[in-house]
Every structure is written in structure tokens, then in C-alpha cells.
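Chemist: Listed here are the chains, written in short residue letters.
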Amino acid sequence: EDKVVQSPLSLVVHEGDTVTLNCSYEVTNFRSLLWYKQEKKAPTFLFMLTSSGIEKKSGRLSSILDKKELFSILNITATQTGDSAVYLCAGGGLYNQGGKLIFGQGTELSVKP
Amino acid sequence: DVKVTQSSRYLVKRTGEKVFLECVQDMDHENMFWYRQDPGLGLRLIYFSYDVKMKEKGDIPEGYSVSREKKERFSLILESASTNQTSMYLCASSQPRTGNTEAFFGQGTRLTVV
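Each protein sequence line maps, in turn, to chains A and B.
Quick note on numbering: the first sequence equals residues 1 to 113 in our numbering.
Quick note on numbering: the second sequence equals residues 1001 to 1114 in our numbering.
Hints were generated in silico from the structure; no laboratory data involved.
Some hints could be false.
One side only, chain A facing chain B, incomplete, derived with CB under 8 Å [as the list claims (entries may be wrong)]:
1) Leu-34
2) Lys-37
3) Pro-43
4) Ile-54
5) Lys-100
6) Gly-104
Restricting the straight-line Cα-Cα distance to at most 25 Å, the calculated cross-link-like pairs of lysine-lysine (BS3-like) are [claimed, not checked]:
7) B:Lys-1003 / A:Lys-40
8) B:Lys-1003 / B:Lys-1070
9) A:Lys-3 / A:Lys-67
10) A:Lys-56 / A:Lys-37
11) B:Lys-1071 / B:Lys-1053
12) B:Lys-1003 / B:Lys-1071
13) B:Lys-1013 / A:Lys-41
14) A:Lys-3 / A:Lys-37
15) A:Lys-112 / A:Lys-68
16) A:Lys-68 / A:Lys-56
17) B:Lys-1071 / B:Lys-1018
18) A:Lys-41 / B:Lys-1003
19) A:Lys-37 / B:Lys-1053
20) B:Lys-1057 / B:Lys-1070
21) A:Lys-57 / A:Lys-40
22) A:Lys-40 / A:Lys-112
23) A:Lys-67 / A:Lys-37
24) B:Lys-1070 / A:Lys-40
25) A:Lys-57 / A:Lys-41
26) A:Lys-3 / B:Lys-1055
27) B:Lys-1057 / A:Lys-3
Where a beta carbon is used, it is the ideal one built from N, C-alpha and C, also for glycine.
Please build the complete structure, drawing on both the sequences and the hints.
Modeler: Printed below as a string of C-alpha cells:
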């Protein structure tokens, strides 16, 4: 059975801290690993990773994929209160399986001033 | 920009009612999905569709059905609503033919069954 597991489930930090969010996956015919940020609305796309060892970066956020160990991490440096959200990780299968995404439980990040 | 629109932001229905949740996307995407989101459980896939009139069960299809008569529209149907179907429902679409499995989400429908 396909599954995606995120850790920790929740995290409280102070502004300026660096955080690392973890995502492990078991997805049949794995194709891609996606990260989303969800505030009190629909998830918004952050990164899609398909190759091992290649870091994707956007401002203070970065992510990397390890296809051998079947995990990904999302790093946020110099956190701000606006980073408070639920971060979702999802594994995507091959196109011929419909390209469905399997999501983890999410990590709820709270950044205190 | 891709737009995925769900017909209602909030719904309150009575136990036993038949409930229709509508989702429309405007980017000619082949794939469409229905998820429900509950605290501590993340997003769980109910049904998905990779073509008109095609549907596949996700992880939790019991108590739900879907309809995709047109490419842009994917409907989720609760045949007889129950209180354990109170949840946030999210529709999404994607176009994996482009090599990109990124899914675009609608704003969500928060359904309460009383």
C-alpha cells in the first residue's frame, strides 16, 4: 500500500530559527515528490522534486530528495511568523496510473514572534 | 493561471441527504481528484479521474461516488450523508502528460452534516 509519512506532526519555533521537516514515502512507480504550504485555505505549491540530490530553492525555503532512502526534507531558514502553516508532502506515481498524489498527514508549523 | 473552482465554500446538510459537491477547472487538465482533509490525517484521496467518464477509487471511496461527464467538471456525490462525512473537501486537477504531476487545488468546501 502506498503511503507518505511526515514528521514531526507539529513544531513550535521562534522567529529566526531554522526548521527541517521530514517526509518519507513508499509510492508504487514513484515519479515525483511534492511539497505544499497550506494556510487557512487551499494548499499552494512549493516544490516538485524528481531527481535525487538536486536541491530546489525558493528564498528561505529549500528541499532535496533522496530516492535511494525514499525521503525528502524541507528546510526553512530564518523563519518568520508568516511561515506558520501546515506543510504537506505528497508522492506522485506514473502518468499511466493517473498521476495520483498520495499525501502525508502534514506538519503544522507555528512560528512565534 | 490555472483555476479550480468549487461550487460552495461552506455547506450544512442533514443526515441522509444526498449531497453534490461540484468542481470545475479551466485548464483542460486530464486528471481531477477529490480529497477530504481531517485533522491529524492529512489529505486522503476519495476518487480520481484521468479522463472523461473514467474514475478510479482512491483510499476511502466508501459512501461516495463521482461523475465526470465533461472534462472540466468533476462531481463528488454523497449518496446518503452521515455525520462522519463532516470534513473539508478539496478538489484538484493536474496534467501529467506534461511531465509535471503538480496538482492545483480549489478553495475547499467545508461540509457539516448534522
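Chemist: Does each hint hold? Answer for all of them.
Modeler: Results of checking the hints against the structure:
no., hint, verdict
1, Leu-34, "holds (6 Å)"
2, Lys-37, "violated (11 Å)"
3, Pro-43, "holds (5 Å)"
4, Ile-54, "violated (16 Å)"
5, Lys-100, "holds (5 Å)"
6, Gly-104, "holds (5 Å)"
7, B:Lys-1003 / A:Lys-40, "holds (18 Å)"
8, B:Lys-1003 / B:Lys-1070, "holds (16 Å)"
9, A:Lys-3 / A:Lys-67, "holds (15 Å)"
10, A:Lys-56 / A:Lys-37, "holds (15 Å)"
11, B:Lys-1071 / B:Lys-1053, "holds (9 Å)"
12, B:Lys-1003 / B:Lys-1071, "holds (14 Å)"
13, B:Lys-1013 / A:Lys-41, "holds (21 Å)"
14, A:Lys-3 / A:Lys-37, "holds (19 Å)"
15, A:Lys-112 / A:Lys-68, "violated (35 Å)"
16, A:Lys-68 / A:Lys-56, "holds (18 Å)"
17, B:Lys-1071 / B:Lys-1018, "holds (23 Å)"
18, A:Lys-41 / B:Lys-1003, "holds (14 Å)"
19, A:Lys-37 / B:Lys-1053, "violated (31 Å)"
20, B:Lys-1057 / B:Lys-1070, "holds (19 Å)"
21, A:Lys-57 / A:Lys-40, "holds (24 Å)"
22, A:Lys-40 / A:Lys-112, "holds (17 Å)"
23, A:Lys-67 / A:Lys-37, "holds (22 Å)"
24, B:Lys-1070 / A:Lys-40, "violated (30 Å)"
25, A:Lys-57 / A:Lys-41, "holds (24 Å)"
26, A:Lys-3 / B:Lys-1055, "holds (21 Å)"
27, B:Lys-1057 / A:Lys-3, "holds (16 Å)"
When each numbered hint is compared with the structure, violations occur for hints 2, 4, 15, 19, 24.
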